[in-house]
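S.K.: The primary structure of each chain is shown beneath.
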Amino acid sequence: MLYSEVAATYEAMEATTKRLELTQLLADLIVKTPNELVDKVIYLTQGKIHPDFMGIEIGLADRSVMRAIAFTSGHSLKEIEKKYYHFGDIGSVAEDLLQNKGQITLFSEQLTIERVHDVLDRIAKASGLGSLGLRLRLLNRLLADASPKEAKYILRTATGKLRLGIADYTVLDALALAFTNDKGNRPKIERAYNLSGDLGLVANNLALNGLKKIEKFHIKLGHPIRPMLAERLDSGKAILEKMGGTAALEYKLDGERVQISCDSHKFWIFSRRLENITSQYPDLVELSKSNLKGKEYVVEGEVVAIDINTGAYLPFQELMHRRRKHGVEKAVNDYPVSINFFDILFLNGKDLTGLPYQKRRNILVDIVKDDARVNIVPSKVATTVEEIEEFMASAITDGCEGLVVKDQKSVYRAGAREFAWIKLKREYNGEITDSLDLIVVGAFHGRGRRKGKYGAFLLASYDPVNNDFRTVCKVGTGFSDENLIKFFNILIPIKIPNKPNNVVSKIDADVWFNPQVVIEVMGSEITLSSVHTVAMDTVRKGNGLALRFPKFMGRIRSDKGVSDSTSNTELLKMYKRQKKLISKHSDNTH
Amino acid sequence: MVFLAKTSSPNEWKVVVNTISALVEEASFEATSEGLTFRAMDPSHVALVDLDWPNLAFDKYDCDKQLKLTVRVEDLVKLIRRADGKDSVEISMNEDETLLLKLANGYKRQFQIHLIESTYDATPVPKLAFNTKVEITEPTFEKMLNDISAVSDHIIISADEKKLIFSGKSDSGTGSATLEKGNQELLQLNVKEESKATYSIDYLLNITKAAGKSTDVLTFEYSSKMPLRLTFKLSEKGGRMCFYLAPRIEEK
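These protein sequence lines are chains A and B, in that order.
Going by our numbering, the first residue of the first sequence is number 1, and it counts up by one from there.
Going by our numbering, the first residue of the second sequence is number 1001, and it counts up by one from there.
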């Protein structure tokens, strides 16, 4: 098939913005295309050469492409730059300048789809030192045979700027029209797309095997399944109504959602946007190997940066250090993560997406061996608004964004955004500006670099009325190596064998101390907590308060005694003040 | 030693590298027991060189298996330039994938260059039938090209049974150069059908200058609006270089 036919269609597509017309144009093009080339035409029309998850992009810079135009057209770079400022698009520059290229080539031949796709693919895959020369030579050869119009679209594709407005759903409609003459068949085709994340593959299957086979399309390991998405509601009450009275609650972790696909020894990790991010997370591959039972599986989870000493989740920004192509090994060590699984879609040859949530979750629990780095996302079944609120409070304290509420009977609908899953984010965001002075009451043995020292500390505030100490947080960040040695030495003399009676704690520390050392910490806000005991039952029954994202500020307040530390009443005031601030803020915005 | 080729003068190599360097950045020579061949097209597919250098044209030639020797042309040009007029040139390859170049004329020099991986596909030779065949002395051809380049970047070559006309035009003016049959510089003019075609002067001038180092006579063949083929001998002992050039479209 000649590329000129594709280019002619692109030109027509550019002339319209109506979706129906775009769909029809694409459908007509697909009908004209030989079956075995349909995938390539689809990729090219979306400005790609492969599905996104393969991570192969052409991405030549406009400036490099100018050199190719200079070469083929015989115009100077200066003239080309001038034209570039005039048109603002490298494709139009080529179209204009190649109008009168004058020079014929020795083996002029019309460009075919196969050749254009093949050469662009070779350009994309050429890498390494000095590869730009090779990429430009390949492009020169293509341009030598291209008509001005073809050159325009080839160069836009090569620079990643072919923007024809052909969205995924337009392709799906066009495929349904082209192969079944009925847009009503789109859901059947869409299903296959949702399971493979690859429109070319689906088109190819449809072209060669027909709609009947597409209906039997199944999950392919190594291809990303389009994730099921959650709707959003802002009250527990509305959610319970939607779910019919019972709902499964899950922590909504503040990390990156990933899909891990395993085919015996091969692993792929895909992002929510279906990019292949396997190379960023070699540690996840290892954790999957060691902690998941099963030869073949597709599981979903949330990767979260963690403090290896407290096990606490760290904010999303910490995880962003892992977004890199180079220095991955160092990043793996510097920014450890945990993987928190929440769904399983495929296991040992069986597609599990048709099973209800609770069954899938049970299977997940069966195959995951949890430890410090591998968890199953905490969950709980709720039937009352109070249960939802309580679970929400502990999620927030644990560093989560909120909850994802799931219908226990719901199947996994790849690519769908429905009320079977509902996001519930917290109503307010607190903020505190003052640091707190808290008392060290316990400690936990260090891991990794902190081995042999204490890795994290349990902090409490003094309650003058009851004359006891109640826990506020577990802190592990903000300590230098020096700090840790100093702490270890200071704390040895006050170490005691068991939890002192005047310390009220639900957490079991590795080591307990006489409450007397005061340190300065900062946090992001004060939240309700079912774990920490300060101001227990004051705001809500069964809940205390806690400091979210605590960080040591570097100072031991030897100038302060325990009675000078931040008290439970001060914490309560801070909690109320930040809440008031928020509701004031909401008043203004509503 | 898997390959060795020696010539008593550096001229052949100078012609070869000068011709090639104008067209490509890397060169893949094919060596067999029969001799050395090379074929490449410039990246824009406008010009193509085809070299045939049989074993008998070398003073010494050894090659026991088929080999592909790909080098960066720039590397080779630099070394061949070091050769003086009376130097012998010996190129050989060991098992270790490096090319050994020895220049000697009493004073001996030895260079090594690394072979690189070829990125080009095999180049076919265009299948062409020519209506006009011209044999002309090299200095005259070069002079005619230079004359026309004074007014234009392109040369229009017209031939009928009686004469050969080179002409050119540009915004600044026109010019022409004529050779009639019987002129002693025009050794052969064989016209089956009147022919007229336009070519880029740069390409032609460049190859002609290179050819001048090894030969006094050039042959070129062409047809109207079709590619031109220029052929010349590499040395008296043998070896032939063919150069193909695609035409330009006549300006309206």
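One or more of the hints may lead you astray.
Once the Cα atoms are required to be at most 20 Å apart in a straight line, the calculated SDA-like pairs of lysine to any residue come out as [as the list claims (entries may be wrong)]:
id	chain 1	residue 1	chain 2	residue 2
1	B	Lys1127	A	Asp537
2	B	Lys1014	A	Asp145
3	B	Lys1143	B	Lys1163
4	B	Lys1225	A	Lys125
5	B	Lys1127	A	Phe107
6	A	Lys149	B	Ile1249
7	A	Lys125	B	Ile1116
8	B	Lys1225	A	Phe107
9	B	Lys1181	A	Ser108
10	B	Lys1169	A	Phe107
11	B	Lys1225	A	Lys149
12	B	Lys1196	A	Asp145
13	B	Lys1127	A	Lys149
14	B	Lys1127	A	Lys125
15	B	Lys1237	A	Gln103
16	B	Lys1225	A	Arg449
17	A	Lys125	B	Lys1014
18	B	Lys1196	A	Thr105
It is worth saying that the hints were derived from the structure and are not from the lab.
S.K.: Could you run down the list of hints and mark each one as holding or not?
M.R.: Each hint tested on the structure:
1. B:Lys1127 to A:Asp537: violated (94 Å)
2. B:Lys1014 to A:Asp145: Violated - the C-alpha atoms of A:Asp145 and B:Lys1014 are around 32 Å apart, more than 20 Å.
3. B:Lys1143 to B:Lys1163: holds (17 Å)
4. B:Lys1225 to A:Lys125: violated (38 Å)
5. B:Lys1127 to A:Phe107: Status holds; Cα separation ~10 Å.
6. A:Lys149 to B:Ile1249: Satisfied, since the Cα-Cα distance of roughly 19 Å is no more than 20 Å.
7. A:Lys125 to B:Ile1116: The hint holds at about 19 Å.
8. B:Lys1225 to A:Phe107: Roughly 14 Å between the alpha carbons, so the hint for B:Lys1225 and A:Phe107 holds.
9. B:Lys1181 to A:Ser108: violated (34 Å)
10. B:Lys1169 to A:Phe107: violated (27 Å)
11. B:Lys1225 to A:Lys149: Violated, at about 24 Å.
12. B:Lys1196 to A:Asp145: Violated: B:Lys1196 and A:Asp145 sit about 24 Å apart, past 20 Å.
13. B:Lys1127 to A:Lys149: Measuring from Cα to Cα gives roughly 29 Å; hence the hint is violated.
14. B:Lys1127 to A:Lys125: violated (33 Å)
15. B:Lys1237 to A:Gln103: violated (36 Å)
16. B:Lys1225 to A:Arg449: violated (77 Å)
17. A:Lys125 to B:Lys1014: violated (36 Å)
18. B:Lys1196 to A:Thr105: Holds. B:Lys1196 to A:Thr105 sits at ~17 Å (cutoff 20 Å).
In summary, the numbered hints that this structure violates are 1, 2, 4, 9, 10, 11, 12, 13, 14, 15, 16 and 17.
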